[in-house]
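Using the numbering used here, read the sequence shown as starting at 1 and increasing by one per residue.
Errors might be hidden in some of the hints.
Unchecked claim - Computed beta-carbon distance windows for the label pairs:
#, residue 1, residue 2, range
1, Lys-52, Cys-347, 36 to 46 Å
2, Ser-648, Ser-589, 12 to 22 Å
3, Arg-61, Gly-451, 39 to 49 Å
4, Gly-427, Ala-665, 50 to 60 Å
5, Gly-482, Ala-76, 53 to 63 Å
6, Gly-427, Thr-144, 25 to 35 Å
7, Lys-168, Ala-115, 26 to 36 Å
8, Ser-621, Asp-486, 30 to 40 Å
9, Cys-347, Gly-427, 23 to 33 Å
10, Thr-587, Gly-104, 50 to 60 Å
11, Ser-597, Lys-52, 35 to 45 Å
12, Asn-604, Ser-624, 18 to 28 Å
13, Thr-63, Thr-144, 32 to 42 Å
14, Ser-648, Arg-61, 30 to 40 Å
Stated by the list, open to error - DSSO-like, lysine-lysine: derived pairs with alpha carbons at most 30 Å apart:
#, residue 1, residue 2
15, Lys-222, Lys-156
16, Lys-52, Lys-478
17, Lys-146, Lys-222
18, Lys-92, Lys-322
Because the hints were derived from the structure by calculation, they are not lab data. A quick note: this is a predicted structure, and the numbers were derived from the prediction, not measured. C-beta: ideal position from N, C-alpha, C; glycine also.
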Amino acid sequence: MSPSPRSPLSRRRVSPRRRTATVALAGVAALIAAAVQSGAATAAPAAPLPGKANPAHSSVRLTAAQRAGLIREADAGRADTARSIGLGAQEKLVARDVVKDGDGTLHTRYERTYAGLPVLGGDLVVDTAPSGATQRVVKASGATLKVSGLTPAVPKATAERRAVARAKQLGGTRSAAGTVRTVIWAATGKPVLAHETVVGGLQDDGTPSELHVVTDAATGEKLYEYQGIRTGVGNTQYSGQVPLTTTQSGSTYTLTDGDRGGHKTYNLNRGTSGTGTLFSQGADTWGNGTVSDPATAGADAHYGAAITWDFYKDTFGRSGIKNNGVGAYSRVHYGNSYVNAFWSDSCFCMTYGDGSGNADPLTALDVAGHEMSHGVTSNTAGLNYSGESGGLNEATSDIFGTGVEFYANNASDPGDYLIGEKIDINGDGTPLRYLDKPSKDGASKDNWYSGIGGVDVHYSSGPANHFFYLLSEGSGAKVIDGVSYDSPTADGLPVTGIGRAKALQIWYRALTTKWTSTTNYSGARTGTLAAAGELYGTTSAEYAAVQDAWAGVGVGTRPGGDTGTSYESTTPVAIPDNGPAVTSDITVSGRSGNAPSNLRVAVNITHTWRGDLVIDLVGPSGTSYRLKNFSSSDSGDDVDETYTVNASAEPANGTWKLKVQDQAAQDKGTLNSWKVTFP
Numbered sequence: 001m002s003p004s005p006r007s008p009l010s011r012r013r014v015s016p017r018r019r020t021a022t023v024a025l026a027g028v029a030a031l032i033a034a035a036v037q038s039g040a041a042t043a044a045p046a047a048p049l050p051g052k053a054n055p056a057h058s059s060v061r062l063t064a065a066q067r068a069g070l071i072r073e074a075d076a077g078r079a080d081t082a083r084s085i086g087l088g089a090q091e092k093l094v095a096r097d098v099v100k101d102g103d104g105t106l107h108t109r110y111e112r113t114y115a116g117l118p119v120l121g122g123d124l125v126v127d128t129a130p131s132g133a134t135q136r137v138v139k140a141s142g143a144t145l146k147v148s149g150l151t152p153a154v155p156k157a158t159a160e161r162r163a164v165a166r167a168k169q170l171g172g173t174r175s176a177a178g179t180v181r182t183v184i185w186a187a188t189g190k191p192v193l194a195h196e197t198v199v200g201g202l203q204d205d206g207t208p209s210e211l212h213v214v215t216d217a218a219t220g221e222k223l224y225e226y227q228g229i230r231t232g233v234g235n236t237q238y239s240g241q242v243p244l245t246t247t248q249s250g251s252t253y254t255l256t257d258g259d260r261g262g263h264k265t266y267n268l269n270r271g272t273s274g275t276g277t278l279f280s281q282g283a284d285t286w287g288n289g290t291v292s293d294p295a296t297a298g299a300d301a302h303y304g305a306a307i308t309w310d311f312y313k314d315t316f317g318r319s320g321i322k323n324n325g326v327g328a329y330s331r332v333h334y335g336n337s338y339v340n341a342f343w344s345d346s347c348f349c350m351t352y353g354d355g356s357g358n359a360d361p362l363t364a365l366d367v368a369g370h371e372m373s374h375g376v377t378s379n380t381a382g383l384n385y386s387g388e389s390g391g392l393n394e395a396t397s398d399i400f401g402t403g404v405e406f407y408a409n410n411a412s413d414p415g416d417y418l419i420g421e422k423i424d425i426n427g428d429g430t431p432l433r434y435l436d437k438p439s440k441d442g443a444s445k446d447n448w449y450s451g452i453g454g455v456d457v458h459y460s461s462g463p464a465n466h467f468f469y470l471l472s473e474g475s476g477a478k479v480i481d482g483v484s485y486d487s488p489t490a491d492g493l494p495v496t497g498i499g500r501a502k503a504l505q506i507w508y509r510a511l512t513t514k515w516t517s518t519t520n521y522s523g524a525r526t527g528t529l530a531a532a533g534e535l536y537g538t539t540s541a542e543y544a545a546v547q548d549a550w551a552g553v554g555v556g557t558r559p560g561g562d563t564g565t566s567y568e569s570t571t572p573v574a575i576p577d578n579g580p581a582v583t584s585d586i587t588v589s590g591r592s593g594n595a596p597s598n599l600r601v602a603v604n605i606t607h608t609w610r611g612d613l614v615i616d617l618v619g620p621s622g623t624s625y626r627l628k629n630f631s632s633s634d635s636g637d638d639v640d641e642t643y644t645v646n647a648s649a650e651p652a653n654g655t656w657k658l659k660v661q662d663q664a665a666q667d668k669g670t671l672n673s674w675k676v677t678f679p
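Please model the complete structure; the sequences and the hints are all you need to start from.
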């Protein structure tokens, strides 16, 4: 399930790429955002009542006309905004969305162009005070936007040919691309002139394909790729008998919801293209609760769309997926025995298969919420569907799909922290995913680690899902509404939850005002802490819980730093440019037995291109544990990370080494300090 066609159910791999978001800060909001990285509370907004969101820093509900008016105003002043934030003469902004806070602060999301060309990875958010002063700018890429030339050496036809060949390797069926356009690629390092090719058709499991391939226009090298399809009274199959909003014309009723932006539900009748036929009949009772009546799946999908609309409106004040009061549409009975569901930006619609043997349509409530939430992500942060940002994209749909299910309060499908538990996609009655311990599905990751950006986005979503569960409910074994959960933590320390309602508000505010297309897990932590600080204050229990929950999945540390016994080296070690590895030693003594399975290794390195670095921990036995891999697309500066290592095979006492090597030219740095902490 996903944003343009993307499915949370898919098992397809996408190209692994890491991204780094750059944050430019100024003023009070900047101090809060800067402080969250270290956990310090150097500045705070006006203190709200304990446990209550501060209305001054909560988004207000805008009508579609009010939102459109603010976007028009932002667009009218875009030239002044571009100059005020230091953009170059060839750079222009295009306003895409505006969020307004109770105190009048505006969070305006822009796309960027350079010499008239779209800039992929050029999106940014500008926070403006009621006075008109710029408070903060969050950029998807901090690189200076400049390219050597605007005339491609590699023609579009060559880029198209290579992209079509790549699509066929992945099971695609088309012999030509749908579109090819020249762009500036700025998402993964130094900006370059490039071609973006989109290849349609079908993937090998019958899912529509919108493969995006970005090619260097000077060399023909593939820079990036991702799959644009994101895959996950009515008598319904999963939610029982429910009320449906329909439209009557004469003696005929249709599945048209006039109360929710005109959302319509169509029957594809096993087809794989087009809109299908609008569900229409003479009586206003739809389906019989089984697959024998095609209208049953239609009722499930129509109900799911209505509940998702109401969830976003009542929980966040959002009017539809685009927040403009316009409904999407749903298509059911896609293909024959198609075991998936997906969201597509291009049709602005949800599509559902009927499952194995056409026996279990994928129209369950949390699946519907997941799919439409891909559309919300696409129209807010626009998280790229690959690497760490792709995992966050998928997790956002799981998180809000869970919120939709709890919001519905439906006795036939009660809320839980399981995804797809009703659709039996595994054939053994087990859910598709588990938020309390993602690894229970056999593939998802519980905690963040340096290589997680190379994992399929449906599995790299695990740490974010796990974070949300910990923030909502806390760690350890418990039973919630009859379902048993047992959530561990990466650092072995407990987490106390703040409740699902607050966790949802924090995630949504980060998504809509703090994150960009390239946000990674570190950036997600920064954004959620900034959101929690604005809503509840930086000295609040909610703020501390966000820190605890991220530490519980291996991202950052807890308030006050590490808990446990630490051994540290503060002797600086120079890291030669593209040279041999250097090491720094720490001697541990006086401990008994082996090291723990959650040994924490904090590393502080100053470096001008962190992607060049490979970092290993070497235990007393001589065994190496990889902390960070080389990545040509990891363009950020410095390394200030805490890694969790299963070192239980190592004796605790002895000499521990940190080994660092710079594996590419033009950048050098210094290992400032590092420490190991035994919880």
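We went through each hint and held it up to the structure:
no. : hint                          : verdict
1   : Lys-52 x Cys-347: 36 to 46 Å  : holds (41 Å)
2   : Ser-648 x Ser-589: 12 to 22 Å : holds (19 Å)
3   : Arg-61 x Gly-451: 39 to 49 Å  : holds (42 Å)
4   : Gly-427 x Ala-665: 50 to 60 Å : holds (52 Å)
5   : Gly-482 x Ala-76: 53 to 63 Å  : holds (54 Å)
6   : Gly-427 x Thr-144: 25 to 35 Å : violated (53 Å)
7   : Lys-168 x Ala-115: 26 to 36 Å : holds (33 Å)
8   : Ser-621 x Asp-486: 30 to 40 Å : holds (32 Å)
9   : Cys-347 x Gly-427: 23 to 33 Å : holds (30 Å)
10  : Thr-587 x Gly-104: 50 to 60 Å : holds (57 Å)
11  : Ser-597 x Lys-52: 35 to 45 Å  : holds (39 Å)
12  : Asn-604 x Ser-624: 18 to 28 Å : holds (20 Å)
13  : Thr-63 x Thr-144: 32 to 42 Å  : holds (39 Å)
14  : Ser-648 x Arg-61: 30 to 40 Å  : violated (51 Å)
15  : Lys-222 x Lys-156             : holds (13 Å)
16  : Lys-52 x Lys-478              : holds (26 Å)
17  : Lys-146 x Lys-222             : holds (20 Å)
18  : Lys-92 x Lys-322              : holds (23 Å)
Of the hints listed earlier, those the structure fails to meet are numbers 6, 14, in rising order.
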